[in-house]
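*Asks:* Each chain, letter by letter, is given below.
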Amino acid sequence: LQLQESGPGLVKPSETLSLTCTVSGGSISTSSFFWGWIRQPPGRGLEWIGSFYYNGATYYNPSLKSRVTIFGDTSKNQFSLKLHSVTAADTAMYYCAKTYSGSYGGYDNWGQGMQVTVSS
Amino acid sequence: QSVLTQPPSASGTPGQRVTISCSGSSSNIGSNTVNWYQQLPGTAPKLLIYNYNQRPSGVPARFSGSKSGTSASLAISGLQSEDEADYYCAAWDDSLSGHVVFGGGTKLTVL
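As given, the protein sequences belong to chains L and E, one line each in that order.
Here the first sequence is numbered in the working numbering, starting from 1 and rising by one per residue.
Here the second sequence is numbered in the working numbering, starting from 1001 and rising by one per residue.
In isolation and in its complexed conformation, chain E is listed as follows:
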């Protein structure tokens, strides 16, 4: 059972806009930044969004993040076939001397 809650799956057709939610609590998302990772099959995770809505160099503007209270969302617009991957949210949690918590991951399928 992950501390951050994500839907296990999501899907969309090419060109569509898809959102993935991430629900937490006041000790993690509610008080710290949220990061999103993309993991393509057989590869290491890649930082996709940091500080809620910042994109590292090279990440397309189609990817965006937002936060409201103790929840965060990742949005992918203009969905492309190469976006098919697992997506994870993560945040620092202030409880128990501090630690990182991950969501369980969302498998995105491009139909």
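Here chain L stands alone, though its shape is the one from the complex:
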């Protein structure tokens, strides 16, 4: 199973960051797995953004919840992240990932990551 992030690498302040994760070798419609987004600001640690389950259920980081939407497109086997009203603090490497079976937050497959910079 492979995951690949895609989207703009540069976003202007106050705009919406939109990223898509394309999954190959597996289906996002499979039960028991969560599909998530994790980010890492330059030189800093990992921050969980949120996750999506095949039945449409979502979980979000409480500190980002007001600005985040995660959703899936089963026809394309993709899931997406939208982060609204971005600032420079949202500059980070963004990873999409899949959990191991039965886990809410143990991610055993990761994309290579996508660098997103927020700047005018």
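Note that these hints are calculated values from the structure, not bench results.
For clarity, every value in this text was computed on a predicted model and none was experimentally measured.
All C-beta atoms in this analysis are idealised placements derived from N, C-alpha and C, irrespective of residue type, glycine included.
Hints may be right or wrong, so weigh each one.
Derived contacts from chain E toward chain L, CB cut-off under 8 Å, selection only [what the hints assert, rightly or not]:
(1) P1041
(2) A1044
(3) Y1050
(4) G1058
(5) A1061
(6) A1090
(7) A1091
(8) W1092
(9) H1099
(10) V1100
(11) F1102
Cβ pair distances, simulated, as ranges [to be verified]:
(12) E:E1082 - L:S101: 34 to 40 Å
(13) L:A88 - E:S1095: 24 to 30 Å
(14) E:S1066 - L:G43: 25 to 31 Å
(15) E:S1068 - L:P8: 29 to 35 Å
Assemble chain E onto chain L, guided by the hints.
*Replies:* Coordinates of chain E only, in the frame set by chain L:
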């Protein structure tokens, strides 16, 4: 400020045993499984330990995990130079409708 607390750094010489701690609370480590990740420079994190002490296929037996109450530990025995990396603990937290929490990460240096 991360919800899970890790020491920012750790070090050891080749062949030594090193442990990295991860302190949480009753809503995360105290009631849910702990996962550990290894992140080599310039790469995506890799799941190292899951369900407290299980190793994914391909992870050497030198790596082990444990938990006691609201704390967890990662142990690396027979330290090797290629173990130099950042290590993160993570767990599900039952508060605020549920979410994943990470430790701040520990940079392991092999002297």
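*Asks:* Run every hint past the structure and note whether it holds.
*Replies:* Okay, the hints, checked on the actual structure:
1. P1041: At about 12 Å, which exceeds the 8 Å cut-off, the nearest Cβ of chain L leaves the hint on E:P1041 violated.
2. A1044: 4 Å, holds
3. Y1050: With a minimum Cβ separation of about 5 Å from chain L (threshold 8 Å), the hint on E:Y1050 holds.
4. G1058: 11 Å, violated
5. A1061: Hint on E:A1061: violated, closest Cβ of chain L at ~18 Å, above 8 Å.
6. A1090: It holds, given that the least Cβ distance between E:A1090 and chain L is near 6 Å, below 8 Å.
7. A1091: 7 Å, holds
8. W1092: At about 4 Å, which falls below the 8 Å cut-off, the nearest Cβ of chain L leaves the hint on E:W1092 intact, so it holds.
9. H1099: Holds: closest Cβ of chain L sits about 6 Å from E:H1099, inside 8 Å.
10. V1100: 4 Å, holds
11. F1102: Interface hint status for E:F1102: holds (5 Å vs cutoff 8 Å).
12. E:E1082 - L:S101: 34 to 40 Å: The hint (34 to 40 Å, Cβ to Cβ) is violated, given that E:E1082 and L:S101 are roughly 29 Å apart.
13. L:A88 - E:S1095: 24 to 30 Å: 29 Å, holds
14. E:S1066 - L:G43: 25 to 31 Å: 30 Å, holds
15. E:S1068 - L:P8: 29 to 35 Å: Once the Cβ atoms are compared, 45 Å apart, the range 29 to 35 Å for L:P8 and E:S1068 is violated.
Violation of the numbered hints given earlier is confined to hints 1, 4, 5, 12 and 15; the remaining hints are satisfied by the structure.
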